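*Asks:* Note that our numbering has the sequence shown beginning at 20, numbered continuously upward.
Treat the hints as calculated values from the structure; they're not laboratory data.
Just so it is clear, the structure is predicted and the values come from calculations on it, not from any experiment.
Watch out, some of these pointers could steer you wrong.
As the list claims (entries may be wrong) - Okay, the calculated beta carbon distance ranges per label pair:
id : residue 1 : residue 2 : range
1  : Asp95     : Arg63     : 19 to 25 angstroms
2  : Lys296    : Thr64     : 40 to 46 angstroms
3  : Gln632    : Ala205    : 44 to 50 angstroms
4  : Glu115    : Ala205    : 29 to 35 angstroms
5  : Glu115    : Lys142    : 15 to 21 angstroms
6  : Ala414    : Leu371    : 30 to 36 angstroms
7  : Phe46     : Asp326    : 30 to 36 angstroms
8  : Arg63     : Asn187    : 41 to 47 angstroms
9  : Val38     : Pro258    : 30 to 36 angstroms
Every residue gets a Cβ at the ideal spot worked out from N, C-alpha and C, and that includes glycine.
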Amino acid sequence: MSFSSLKRKQPKTFTVRIVTMDAEMEFNCEMKWKGKDLFDLVCRTLGLRETWFFGLQYTIKDTVAWLKMDKKVVLDHDVSKEEPVTFHFLAKFYPENAEEELVQEITQHLFFLQVKKQILDEKVYCPPEASVLLASYAVQAKFGDYDPSVHKRGFLAQEELLPKRVINLYQMTPEMWEERITAWYAEHRGRARDEAEMEYLKIAQDLEMYGVNYFTIRNKKGTELLLGVDALGLHIYDPENRLTPKISFPWNEIRNISYSDKEFTIKPLDKKIDVFKFNSSKLRVNKLILQLCIGNHDLFMRRRKADSLEVQQMKAQAREEKARKQAHWMERQRLAREKQMREEAERTRDELERRLLQMKEEATMANEALMRSEETADLLAEKAQITEEEAKLLAQKAAEAEQEMQRIKATAIRTEEEKRLMEQKVLEAEVLALKMAEESERRAKEADQLKQDLQEAREAERRAKQKLLEIATKPTYPPMNPIPAPLPPDIPSFDIIGDSLSFDFKDTDMKRLSMEIEKEKVSLCSCGIHSVDQAGLKLRNPPASASRMLGLKRVEYMEKSKHLQEQLKELKTEIEALKLKERETALDVLHSENSDRGGTGSKHNTIKKLTLQSAKSRVAFFEEL
20 MSFSSLKRKQ
30 PKTFTVRIVT
40 MDAEMEFNCE
50 MKWKGKDLFD
60 LVCRTLGLRE
70 TWFFGLQYTI
80 KDTVAWLKMD
90 KKVVLDHDVS
100 KEEPVTFHFL
110 AKFYPENAEE
120 ELVQEITQHL
130 FFLQVKKQIL
140 DEKVYCPPEA
150 SVLLASYAVQ
160 AKFGDYDPSV
170 HKRGFLAQEE
180 LLPKRVINLY
190 QMTPEMWEER
200 ITAWYAEHRG
210 RARDEAEMEY
220 LKIAQDLEMY
230 GVNYFTIRNK
240 KGTELLLGVD
250 ALGLHIYDPE
260 NRLTPKISFP
270 WNEIRNISYS
280 DKEFTIKPLD
290 KKIDVFKFNS
300 SKLRVNKLIL
310 QLCIGNHDLF
320 MRRRKADSLE
330 VQQMKAQARE
340 EKARKQAHWM
350 ERQRLAREKQ
360 MREEAERTRD
370 ELERRLLQMK
380 EEATMANEAL
390 MRSEETADLL
400 AEKAQITEEE
410 AKLLAQKAAE
420 AEQEMQRIKA
430 TAIRTEEEKR
440 LMEQKVLEAE
450 VLALKMAEES
460 ERRAKEADQL
470 KQDLQEAREA
480 ERRAKQKLLE
490 IATKPTYPPM
500 NPIPAPLPPD
510 IPSFDIIGDS
520 LSFDFKDTDM
530 KRLSMEIEKE
540 KVSLCSCGIH
550 SVDQAGLKLR
560 NPPASASRML
570 GLKRVEYMEK
580 SKHLQEQLKE
590 LKTEIEALKL
600 KERETALDVL
610 HSENSDRGGT
620 GSKHNTIKKL
630 TLQSAKSRVA
640 FFEEL
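Kindly produce the complete structure, drawing on both the sequences and the hints.
*Replies:* Here it is, written out as structure tokens:
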């Protein structure tokens, strides 16, 4: 239904949808209601008393706006003309110290859900190791104490606990992230939901971008900058660096804030210092800046005064409620311990009864086994006696067999010795027969040679005699001394005296043959002895055996807890090797550079350092940017 038709019919009420961080509500509002009427209705419905932190947010042409308390909800605001008209109930202002300022549990819970969403949506930068710690507190707030029997592997598979930037930055599986979150989650045992959520906020409030609203501005020189508005004051940032401001102006140094059209004017508390101005992109943005400045400045001054009666009552009620919850929790713990002890006693009793029954059954079986054993023992005794007699007979037979075996061994040894001697004698006889056969053959050859030599000698003798006869029958010649011609070398020499002849055979061949025969004898003998010796060596030296085979230090909560700081360092070191450098965002790089420079202290300390210079020099610095 359009707003024009709604106006034409002039209905008395219209529908409004309120979206909180964990619920949606619809209300029928009267047309004359102002923003405060609707806001108070929502707060009463939620049971919220710390209303000064919250507001009703809506969007106009991609620009965030907040419902004004003194203006009519629909008629005086540029909101959607379709029913239901939607507003988001969100924290508009943030506390400096969540633990001290957030009193009600509902307030803490709404802040926890909103800050958690901002971190997961990457509107607030959180380093990876701190993201894991915050996730562990979120798990404690949702699931309670860690129980290995209930919280088994994969129980966080459907939970959104880490920014996608952190998940994509490392080569880690969901199981690896779950393992690291669970390790810290197990250490939070005993913390109630509100305590876990408060621990989450205490850590998150020291993140650089926590509670800061950023706006694009330009100074007098036209330099594009970022204005940050938060609970501590106004901060000027480089557009590329939302983590560390260049200069800061705390609320106690600011006297007046105003705007005219797109120009914003800030007057320092010291009247001697000139005002400084900047321009924003839209008039609507200036209105939003002014709202945030006024609200944050009021809360800043309120914190430095004594608590109002309402706040004191709320804190007293909160303390009573906390004490009641603590007593209730302790009672629950006592009952749980008693229940556990009772269950353990029952389990022990059941175990003892089971063991008693088992022991009775074992005793019965043992008695039966004993009776069987006695019967068996009698039988075994008889068998033992028979066996003993048989053993004696066998021992006697064994002794006789041993004696027989000794005798046989002795006989075998003698037989073996005789056999060896016989073999040796046979071998010697064979060798001797072989030598005698060879010698007989040589002798026969020598005899044949001698016969041949003798025949040749006789033939030579015959020829000589015939020649002498021829000489004797020839006529006589004058005496002469002829030189006898040399005889052939194969004819033996002889002398002739008268008619008688005497032969002097130089039988060198016989001598030579005799010497060769003697040498061969020695050779044969030595060969025979060598063969026996070699055979003897082979018997005495068996072959050798075969060879064998060889065989974050950056935040206050880390400063307060050394153990936690060490754990964060260990986690950062552990996952550093898995980081994909090419996926680092600009904020990751800036945070790493700040860490390397040691600039990761408390957010409050960082702002303090920036305000050490005089306000005048900071204003001049802003103008020169």
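*Asks:* If a hint holds in the structure, say so; if it does not, say that too.
*Replies:* Hint by hint, here is what the structure shows:
For Asp95 paired with Arg63, a C-beta distance near 23 angstroms keeps the hint of 19 to 25 angstroms intact. Between Lys296 and Thr64 the beta carbon distance is about 43 angstroms. The supplied range of 40 to 46 angstroms therefore holds. Gln632 and Ala205 have their C-beta atoms about 47 angstroms apart, which keeps the hinted 44 to 50 angstroms range intact. At roughly 32 angstroms, the beta carbons of Glu115 and Ala205 sit within the given window of 29 to 35 angstroms.
Between Glu115 and Lys142 the beta carbons are some 20 angstroms apart, a value that agrees with the proposed interval 15 to 21 angstroms. A C-beta distance of roughly 56 angstroms is found between Ala414 and Leu371, which places it outside the suggested range of 30 to 36 angstroms. For the hinted restraint 30 to 36 angstroms between Phe46 and Asp326, the CB-CB distance of approximately 31 angstroms keeps it satisfied. Between Arg63 and Asn187 the beta carbons are some 43 angstroms apart, a value that agrees with the proposed interval 41 to 47 angstroms.
The supplied range of 30 to 36 angstroms is met by Val38 and Pro258, whose beta-carbon atoms lie about 31 angstroms from each other.
Taken one by one, the earlier hints fail for this structure only at number 6.
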